[in-house]
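Asker: Each chain, written out:
There are 2 protein chains.
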Amino acid sequence: MIGEHSSKQYDHELETIRSKVLLMGGIVETQFLDAMACFRIGNPERADRVIAEDDVVNQLEVSLDDACSHLIVKRQPTANDLRTVMATIKVITDLERIGDEAAKIARTAKSLHGRGTPGLNHFEMVRTISTATSDMLHDALDAFARLDGKVALQLIARDAVIDHEFRSIMRNLITFMMEDPRTISSALDTLWVAKAIERIGDHAKNIAEYVIYVVEGKDIRHTKPSAPVLPDQGAN
Amino acid sequence: MIGEHSSKQYDHELETIRSKVLLMGGIVETQFLDAMACFRIGNPERADRVIAEDDVVNQLEVSLDDACSHLIVKRQPTANDLRTVMATIKVITDLERIGDEAAKIARTAKSLHGRGTPGLNHFEMVRTISTATSDMLHDALDAFARLDGKVALQLIARDAVIDHEFRSIMRNLITFMMEDPRTISSALDTLWVAKAIERIGDHAKNIAEYVIYVVEGKDIRHTKPSAPVLPDQGAN
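Residue numbers (UniProt numbering), protein chains in the order written: chain L, 1 to 236; chain B, 1 to 236.
Hint data in this document are derived by calculation from the structure and do not stem from the laboratory. Hints are supplied without guarantee of correctness; some may be wrong.
One copy or any two copies: either way a pair holds, since identical chains are not told apart in the list.
[As the list claims (entries may be wrong)] When the alpha-carbon atoms are kept at most 30 Å apart in a straight line, the in silico DSBU-like pairs for lysine-lysine are as follows: (1) K20 x K218; (2) K224 x K20; (3) K104 x K20; (4) K218 x K150; (5) K195 x K20; (6) K218 x K74; (7) K20 x K74; (8) K90 x K150; (9) K20 x K150; (10) K195 x K74; (11) K74 x K8; (12) K104 x K218; (13) K195 x K90; (14) K20 x K8; (15) K150 x K8.
The shape of chain L in the complex, shown without the other chains (with noise of 0.2 Å):
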């Protein structure tokens, strides 16, 4: 994989902007799973701390940038190289937008507790959507720090459950606020929840398709699913 270029430097340069997409990663999927024990439970001074953390996602979000762009006109990658910081340029992205959800889920949470929330066990409509996804965050980013493609190509198709889950809470939603109309406020706000969910189930699977893109040198993006894209790879 490395052995491309030879500066011991230049792989220090490129060590330091991973650990640091690595940090970043590690970071929002606290935030997510902080706002979601937020939303379960409660607890505003939490959420306060998900939501402060965001702007030190922003600024991870900044100096990456950075860092990239000088390691471009410093080191001048090529081939494996120049694919881990386009796919890193990209996956900051992705992660900053995690950041976000989670920021969003945590105010959602705050409010919704701060209010009350009559006839309506929000968090249960939301659990399974809640673990496929941080499931799935966790396992994009494990395998964004391994560069493993096996284990990204899998998580792609995973996408799809948790898109099928939203759909299902929508309409049990639905059913709820029509049944008893009292619970339209708190039913909508569990609904941008389970929508910031699935929103962050696409960034993970951006992030894995990134994963490919390094290791395989295709940008599958766009694809139908059915594509061999790893054919006769043996494991990881």
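Guided by the hints, dock chain B onto chain L, whose structure is given.
Answerer: Okay, now just chain B, sitting in the frame of chain L:
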């Protein structure tokens, strides 16, 4: 602005990428306008065309990312040129997402008109946000085409107006749903359309921020809007 690189061939390559981005921008802008026309008056064939156009946009995304990679390897851009390439890599992602949102609006328009919409003039609910957003998108693409940092800076504030309008639509729709639960389903469709429009506004804002990054060499994402970014700059 230009002048730091000398090769005519290089200029030509940069210009080709630029025109292709503008082509992509023109397509998604039309997609959005067409999708809104479908939402207003129906027309399932036109909605299908908007949805089909998404493939063209997706392919442009892939081929433009590829062209940017090639340019980096071949030309080793620095300073202005590198900023242009970096901004292009990011803008492409935003344009592709705008295409996605337009396709979502077209799908909702189809399903809503397919089953009729009792008691809710759904287009009137989103008329204001739709006009504000399509104007903003048009101006953002124009700012990108002319690399006009001044216009781009003014654009950024307009996103807050769109967000505000979105929240007002949501409150109105909640009132409708509470007064007549039979409208819940179509009100939710309208809400998703409003949300898609609000997202398009976010992407237009991102594009404006990248224009400022190219022109000013400054990354103003996540800074407070009051920060003086273009001090004492004369007319474009």
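Asker: Does each hint fit the structure? Answer for all of them.
Answerer: Against the structure, the hints:
1. With identical chains, the CA atoms of K20 and K218 are at most 30 Å apart both within one copy (24 Å) and between copies (21 Å).
2. When the C-alpha separation of K224 and K20 is checked against a cutoff of 30 Å, the pair qualifies only between copies, where the shortest distance is 24 Å, while the shortest distance within a copy is 32 Å.
3. Taking identical chains as interchangeable, the C-alpha atoms of K104 and K20 lie at most 30 Å apart only when both belong to the same chain, with a minimum of 24 Å there against 34 Å between chains.
4. In the homo-oligomer, the alpha carbons of K218 and K150 lie at most 30 Å apart inside one protomer (13 Å), although the nearest pairing across protomers, at 38 Å, exceeds that limit.
5. In this homomeric assembly, K195 and K20 come within 30 Å of each other (Cα to Cα) only inside a single copy, at 28 Å, whereas the closest approach across copies is 32 Å.
6. In this assembly of identical chains, K218 and K74 lie within 30 Å of each other by CA distance both inside one copy and across copies; the values are 25 Å within and 19 Å between.
7. Taking the shortest Cα distances, K20 and K74 sit within 30 Å of each other both inside one copy (19 Å) and across copies (28 Å).
8. Taking identical chains as interchangeable, the C-alpha atoms of K90 and K150 lie at most 30 Å apart whether they share a chain (20 Å) or sit on different chains (27 Å).
9. Proximity of K20 and K150 under a CA criterion of 30 Å is satisfied intra-copy only: 23 Å inside one chain copy versus 33 Å between copies.
10. Proximity of K195 and K74 under a CA criterion of 30 Å is satisfied in neither setting, with 41 Å inside one chain copy and 42 Å between copies.
11. Proximity of K74 and K8 under a CA criterion of 30 Å is satisfied in both settings, with 14 Å inside one chain copy and 24 Å between copies.
12. Within a single copy, K104 and K218 get their C-alpha atoms only as close as 34 Å, which misses the 30 Å cut-off; across copies the closest is 27 Å, which meets it.
13. Taking the shortest alpha-carbon separations for K195 and K90, both the intra-copy value of 22 Å and the inter-copy value of 24 Å come in at or below 30 Å.
14. Taking the closest pair of Cα atoms, K20 and K8 come within 30 Å of each other only inside a single copy of the chain (18 Å); across copies the shortest separation is 38 Å, beyond that limit.
15. With identical chains, the CA atoms of K150 and K8 are at most 30 Å apart within one copy only, with a shortest distance of 29 Å there and 43 Å across copies.
Checked against the numbered hints above, the structure breaks only hint 10 and satisfies the rest.
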